[in-house]
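K.L.:
For this one, chain Y is given, so just place chains B, S and C with the ligands on it according to the hints.
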Amino acid sequence: MSVVDNQAAPWATVPPELQGEHGRELAIEMLRRMLRVRMFEEATIELFHAGELPAMVHLSIGQEAAIVGACLATGDSDYMTGNHRSHGHPIAKGAGMDRLMAELLGKATGICHGKGGSMHLADFSVGSLGESGIVGSAIPVATGAGLAARTLGEQRVCVCFFGDGAANEGVFHESLNLAAVWNLPVVYVCENNGYAVSVPAESLTSVPDIATRAVAYGIPGVAVDGQDVVAGYQAARTAVDRARRGDGPTLIEAKTYRFHEHAYGLRVKTAYRDAAEVAAWSDERDPVVLFERRLADWDLVDDAARRQVREETAAEVAAAVEFARTSPAPDPAEAYRDLYVTEEDAR
Amino acid sequence: MSVVDNQAAPWATVPPELQGEHGRELAIEMLRRMLRVRMFEEATIELFHAGELPAMVHLSIGQEAAIVGACLATGDSDYMTGNHRSHGHPIAKGAGMDRLMAELLGKATGICHGKGGSMHLADFSVGSLGESGIVGSAIPVATGAGLAARTLGEQRVCVCFFGDGAANEGVFHESLNLAAVWNLPVVYVCENNGYAVSVPAESLTSVPDIATRAVAYGIPGVAVDGQDVVAGYQAARTAVDRARRGDGPTLIEAKTYRFHEHAYGLRVKTAYRDAAEVAAWSDERDPVVLFERRLADWDLVDDAARRQVREETAAEVAAAVEFARTSPAPDPAEAYRDLYVTEEDAR
Amino acid sequence: MTTPQRERPRAEGGRAPGFLQAIRQAQYEEMHRDPTVILMGQDLRANVFGAAEGFLDEFGPERIRDLPLSEAASVGMAAGAAMAGLRPIVDLTVASFMFGAMDQFISQVAKSRYMYGGQARVPVVYRQALYYHGGTAAHHADRPYPMFMNVPGLKIILPSNGYDLKGLLKSAIRDDNPVLCFEDANLWGRRGRGGPEPEAEDHLVPIGSAAVRRSGTDVTIVGIGHGLVQSLEAATELEAEGISAEVVDPRTLVPMDWPTILESVRRTGRCVVVDPANRTCGAAGEIAAQLVEECFDALRGPVVRVTTDDVHVPFSPALERQIYPSKDKVVAAVRRALA
Amino acid sequence: MTTPQRERPRAEGGRAPGFLQAIRQAQYEEMHRDPTVILMGQDLRANVFGAAEGFLDEFGPERIRDLPLSEAASVGMAAGAAMAGLRPIVDLTVASFMFGAMDQFISQVAKSRYMYGGQARVPVVYRQALYYHGGTAAHHADRPYPMFMNVPGLKIILPSNGYDLKGLLKSAIRDDNPVLCFEDANLWGRRGRGGPEPEAEDHLVPIGSAAVRRSGTDVTIVGIGHGLVQSLEAATELEAEGISAEVVDPRTLVPMDWPTILESVRRTGRCVVVDPANRTCGAAGEIAAQLVEECFDALRGPVVRVTTDDVHVPFSPALERQIYPSKDKVVAAVRRALA
Ligand SMILES: Cc1ncc(C[n+]2csc(CCOP(=O)(O)OP(=O)(O)O)c2C)c(N)n1
Ligand SMILES: Cc1ncc(C[n+]2csc(CCOP(=O)(O)OP(=O)(O)O)c2C)c(N)n1
Ligand SMILES: [Mg+2]
Ligand SMILES: [Mg+2]
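So the protein sequences, as listed, match chains Y, B, S and C.
Letter 234 of the first sequence, counting from 1, is numbered 234 in this note's numbering, and no numbers are missing.
Letter 187 of the second sequence, counting from 1, is numbered 1187 in this note's numbering, and no numbers are missing.
Letter 308 of the third sequence, counting from 1, is numbered 2308 in this note's numbering, and no numbers are missing.
Letter 301 of the fourth sequence, counting from 1, is numbered 3301 in this note's numbering, and no numbers are missing.
So that you can see chain Y by itself, here it is in the shape it has in the complex (with noise of 0.2 Å):
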């Protein structure tokens, strides 16, 4: 187990990965997802307030260099699952944002036809098998997956994200160590963000670094930066790597932060985290800025390629949150399909 220090600049020179033409469209497509999860967060921002939500949202904003930096060391073919907390892995993972904006809206182009909503999108058409309400839950799904991949002799892997609380919960256990003796091509991402709701991990997670636990499986267990985008890229990668070649799953811990309330519009009126906390991470360790700041100082994507990048990205979460609106809502005989595959649907 290694555990990166949280507060370092470890780059002072391009890595590697980003290193030459296709380095740098991977550095552009890392800034591009990132801002594609923030930006479409906050156009929710915007739409709770005007009411057009029918229910609170979990908001990564603070958290997406964990995200987008595992999605991207995956192919298109690769799985992944997620949690309440998982806008922005679909989208990091390629998905297109219109029919998961119309999702949220409980629209009828909604990727789940409305049926799921924000915590439970899914979009298997980029290999993103679904998203659990129930904290941990997805987390054997995630390893079933990995468990077809490898029967069926593909050369997937499947990345399977949860919470610091998450790993608490038996299932964690229970699917780390069947992963662990069969091998199974799967990278678990642990995204600590120092909270279970109300909870600080240090008071009911019994160690520190959850990838201290990977000790239990016998597995690797990394801790990497969480803000740090490139850092998640390489820990992933190698994770994946590894998956790929048949050397079995890997659990990587991302320490890292969400800047919102645990649900936006959730008020909890006794304070669990110092207001200076937040505004140390929201201001210093922003991993959209950092990760800015970092191509800037590299000469690696200048002002105006990333003003571009921004821009683009601004008028597709527009143009979404435009999908969305406009689309219909669902026709209420919508409820009672898919329960089961039937005769009518196609095979």
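Hints were generated in silico from the structure; no laboratory data involved.
Please note that the accuracy of each hint is not assured.
[Claimed, not checked] Listed below are several chain S residues computed to face chain B (Cβ distance under 10 Å; list not exhaustive): (1) Ser2074; (2) Ala2078; (3) Ala2082; (4) Leu2086; (5) Val2122; (6) Gln2322; (7) Ser2326.
In this text, a Cβ means the ideal position worked out from N, Cα and C, and glycines have one as well.
P.N.:
Just chains B, S and C with the ligands now, with coordinates in the frame of chain Y:
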């Protein structure tokens, strides 16, 4: 985490715990309780063949040292929970054998009035809070007993017994995390007998030493020779003292072996363990034989004294069998009692 | 199971506390009354759910505990603590989170006393909201009490107003058996969070006793949780048409107050059951089955169930509402029962 | 749900395989037919339960897997594997072990397809024995299918003989939906383990179709699992008294073949349901509720339930037998239904 060499004979001289008059008494009690467990279970074999047992039984024969060592490290007011293989645990904890044996025969005088049977013994009078036929399922209960002791300001601890297979259950993980973060007075004793029914521990458990998993909870993990009652006692004593001091839980792994089939009477057609392996353990690593030999080598308890313990125990077991056999079957109405505490139940 | 009580729902008089206030009062009073009562739940200390303000200061960290995301261990641990002398209250927050602890509920909470021949006492209360009809989608909106009704050894309360919630919860905390308290979140808002003064400390509603909320002669409507509100609304509407509906609130599902329900149906000869649970093997089905078995001769029409349709809870408001019981569905069911 | 089938139970003719043989045959044939079918279970490779002899050699270690003591992960993993292209069969051995996996069954297995708007297909079969009436006591003897009937999105089969077990299990393996297969262990012994030759590969029994096992005119007895055997025995006894009982075997509990059951009861006007599950919110209650709702006018007497009493399963044989349905209880229930 420390692992002892399972094959070593560590006691060249009398260990400190067994020195002096009190030490000698403890040694005799160790022998007596191991013999009680052994002879009690041998009696159940006879009852099985005589067709008097209503169901198969899971025998601890071969595993007595770990059980007795841990139980003797506790006091009468301490708690204990067991599993499907736990005739021996309440006996080691000090329960009378008559009502336990009557329970195995499903009699009215059984400790659970015939409602529990072999897999669900409990004797609250000695702190034995029950046994779970559902593998792993009593681990949270034991943890709760620890919570109660702590909250009520009592000095009690709870010893929680389970097998290697159970260490893969989610509740193992959840419970140890909870006990760790709350510093609960619980001693988790994993009797690693190398198999979960037909499955070797090494094939479906991710670590060679289950004690390693203590690392995931930041608590002490100790692996001991499970055939050595003194080693088991010492490890448990340390853990019990620690728990009583308020310093929290310990995970002890006793490396042991079951000499009989998973359940007595079960016929598994496909051999899953070598006859030679079974013979090596039963012939050379019998915890009762090993301890008797040491008592002799140390000149601590002579032949006559040991013979006396054997005879007394044999008589106790014979009396228990007699008690059980001559006890009446329960009144059928008993099946409808004890579902709830009712007004009639004395307070 | 006592004699039927004819109570008006207190909500009418404005004296009933809101749900959160009822919970707060019940837990506060009982924790003061009995030092062995402890309270555990996720995000309890920060009072995220709003019923535990000031509890940490008042009762201290040993008795007010946050729980980790470990539902199985939490449930079983509470049972173990109960067997060893505490009287824990566990706030599981949302009923959908019970599933992860199902083995502990069944194998340990419900079975221990019986299996051990009465040696164990398991005085523990599990509280959980039925968090449906709020856009939370399928993972938060289950109404799983019928599953637990299928498990012997548990008591189950499901009050329809704050007054009963307080009284039943207090009874539950004093009960020596495990009690599941389901709180229909659709009733939370009905009385404000800042309501009237705490009720008297001795306000207890006995477990196992139904209440007749409205007397009537033509049909009995049994309404569970929020279904009771819909039943009363339907009864009002039907009254205008000259149909006199009696409305019964079971309040407790296990043990069910059969005498009260049977007595009513024997009089009216017709019955509609309104139950927010899923239809198949739900609570409404149990009531219907009991009626056709125990008072067949008195029945003059079909027992009609108004339940949630057998689908999962969809996210979109455009989809969600229709799947639940509603006043209109109750009215239609009554017409069918009377046809 | 198809038209009623009037089949004689094959057990009579001696052609029905024993349960273990039926399982072996179904799994063997389907694994040969479709390479994406895999089989996982505790102690499977060593064939402890007797239905997987030679499978490891035949299908290899990738397709025949032992599972650790990790029921939740096992159940969810199989669902995930199904969503990613496999068709897993999971042998959970004993139904009581399902509780530890309840969240996975409900939140993942049953809900995924619906929540994701039909993107997921979850072709997975979970097999588990109802291991009651064998002195195993409360932790091994549950009959929890009613809980799962309360969960939309699952199919549930519960055959009463080896012939149906084989045909239903094969249908389940080919089904694109999750199917729970409950195997009543009290039927295991009825045909020897070494029985007749494997049935034809194309022997399929459709899911959702009941069978009328015996025609009659005075009363319909619906018998589930071993309850079907008791129903047939009771029918024989009643015949001697001149009472003509029709006996229906639902075979599938979800989707239930309502047309067949309703058609029968509409003819006989009386019904007894024999169900080894616990009484409250059990399968029998669902059937009774459906009858009183859907064919009230045809009913000429109470629908009487014969179920396991609402207690846990006690260990002692002196206590255990009485709590279950029996032929005598069925006979008495029919008398009550006819009174
Ligand atoms: C099984 C379960 N228990 C409780 C909850 C309520 N809940 C939703 S998110 C959450 C905190 C999860 O913490 P973590 O895993 O760290 O994820 P984060 O929200 O911090 O991203 C809780 C308690 C739930 N959804 N599921
Ligand atoms: C939850 C659960 N799953 C499966 C079983 C069936 N079973 C009983 S004992 C056992 C093996 C347990 O292994 P271990 O914990 O090592 O204990 P041992 O039998 O070796 O003492 C199994 C699989 C069970 N009783 N409970
Ligand atoms: Mg977190
Ligand atoms: Mg073992």
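K.L.:
It remains to establish, for every hint, whether it holds in the given structure.
P.N.:
These are the hints, each one checked on the structure:
1. For the restraint placing Ser2074(S) at the interface with chain B, the shortest Cβ-Cβ distance is roughly 8 Å, inside the 10 Å limit, so the hint holds.
2. At its closest, the beta carbon of Ala2078(S) sits 6 Å from a beta carbon of chain B; the interface hint therefore holds under the 10 Å criterion.
3. Because the closest C-beta pair between Ala2082(S) and chain B is about 7 Å apart, less than 10 Å, the hint holds.
4. With its C-beta approaching chain B no nearer than about 5 Å, Leu2086(S) sits inside the 10 Å limit, and its interface hint holds.
5. Because the closest C-beta pair between Val2122(S) and chain B is about 8 Å apart, less than 10 Å, the hint holds.
6. Given hint, Gln2322(S) at the interface with chain B, is violated; its Cβ is 37 Å from that chain's nearest Cβ, farther than 10 Å.
7. Nearest Cβ of chain B to the Cβ of Ser2326(S): about 36 Å, over the 10 Å cut. The hint is violated.
Violated hints for the displayed structure, listed by number in ascending order: 6, 7.
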